[in-house]
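The residues making up each chain are set out below.
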Amino acid sequence: MRRGLALGALLLGAWWGVSALGLVPDFMLPSPAEVALAGWRNSAYLAQNAVVTGSEILLGLLGGTLLGAAAAVVIAASRALQRWLMPLLVVSQAVPVFALAPLMVLWLGFGLASKVALAVLVIFFPVTANFLDGLRRTEPGWLDLAATMGAKPWRVLLRVRLPAALPALASGVRVAAAVAPIGAVLGEWVGASSGLGYVMLNANARIETALMFAALVLLALMSVALYVAVDRGLRAALRWSPGG
Amino acid sequence: MTTPWPPKPDIVGPAPGIAITGATLTYDGAAVFAGVDLTLEAGRLSALLGPSGVGKTSLLRAIAGLETLEAGTVRASDGAPLAGRVAWMAQRDLLLPWADALSNVTLGARLRGEKPDAGRAEGLLARVGLAGKRRALPGTLSGGERQRVALARTLYEDKPVVLMDEPFSALDAITRARLQELAAEMLAGRTVLLITHDPWEACRIGEAVYVLSGRPATLGAPLVLDGAIPRAPDDEAALRAQGRLLARLEVGA
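Just so you know, the sequences run in chain order A and B. Its first residue numbered 1, the first sequence is counted upward by one per residue in the working numbering. Its first residue numbered 1001, the second sequence is counted upward by one per residue in the working numbering.
Mixed in with the good hints there might be a few duds.
Unchecked claim - Okay, the calculated bits of chain B under chain A, using three or more residues with CB under 8 Å as the criterion:
(1) 1059–1069
(2) 1078–1086
(3) 1091–1097
(4) 1103–1112
Simulated from the structure, these hints should not be mistaken for lab results. Even for Gly, the Cβ is constructed at its ideal location relative to N, Cα and C.
The task is simple: from the sequences and hints, build the whole structure.
Given below as structure tokens:
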């Protein structure tokens, strides 16, 4: 935490230095003071749009995690489904999300749904891949023990393999929390009437670079806060696991 | 006949003997053991010793139904199948790290979809000296305590046949001695196969001691030890038996 603050201060200092020396024109890189001022003047506008983007990110994270975890469980439970679903999953990642963004907006409209859908698309694969990896790597001794106890396969999945894979799922959710804002903002760039991505695009078009930076800084702070909250929550929930 | 502890009305029936005949296992094209015959007497604790890599664990896993032998049969003396009548305890405790001691003890019931008997599980934990630790997660327990929970879990299964694969080998001498005594008392009346690399352990709690050695490995005639188990640390017959056993192990090595 302290190191994070120190790093932030260092970056801020460098930014200040570059803009104070006049090496870069103001419309390309406004000083931190100008950005702070733009943020202050537009605080209500920014807050209102941050709520929109924040909801998109949280809903996307929730939906992507649930969908990704469910896909992993289904694949782990059935070899037949695995043969059908795995190629589909890989193909879904081979198509760039950037290319899908206009399609999502076309299909789901300019509102919340298309952004949440894009966030889900970005998120579910790391969740599925990590969780599935965990589900496949159950300690063989536990499986042997369960076998001598006369357990049904689905009970072994529920009571042994699933909990054992939770730390792996947590790794996937951490990655998801870090990339969720990408999906949401991408959707806003392609077509939206609100959200921080929309604010940035608008400010950029009007060369209000300071406002654009203010929105960017706010988005970065939100993303970091989300990551830290998810990381802390997962650590607390998985205290039994040495890696958290 | 000795009464198995704890007494339970629905015990799975008297402990059967187990006959392994013509057991064969190859590894990388070479025979690990071939045509091994081993008879575990009903209600007795048989110990199996031998150098590493000789196939002791494979033999035990075959009885547990975890591995299939390339040739040979494993049969219970009463003719009924062994499946569902065996409890297995490995060298590693295999406790689930997210479940507390009590839930680990009742794991078998939960995996079979039965209602866990918390009272009996608590009784077993108290018996192994962990009455105050039933809510403790395995990560907070010492190696000896974890192995005690594993022993309680094995006993909770309440199976007439118990297979133990070097269950105490990772423990310090004092803890090991205590757990040997505890296991011997609590497993009385069951058919037990205990794999160990410790001749003294075999002589303290074994009633028949087998040595598997050579390549391919063969099984010598058992060393039969009389008297109740666990034997005292200064039991002269046990000490003499250990001497004979060490001599056998040296010949086999």
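Hint-by-hint comparison with the structure:
Three residues within the 8 Å Cβ limit are the bar, and the stretch 1059–1069 of chain B against chain A gives 4, so the coverage statement holds. Chain A is given as covering the stretch 1078–1086 of chain B, and this holds because 3 residues of the stretch bring a CB closer than 8 Å to a CB of that chain, at least three being needed. Counting residues of the stretch 1091–1097 of chain B whose beta carbon lies closer than 8 Å to any beta carbon of chain A gives 4, which reaches the threshold of three, so the coverage claim holds. Restraint check on the stretch 1103–1112 of chain B versus chain A: 5 residues with Cβ-Cβ distances below 8 Å, three needed, restraint holds.
In terms of the numbered hints stated before, the structure departs from none.
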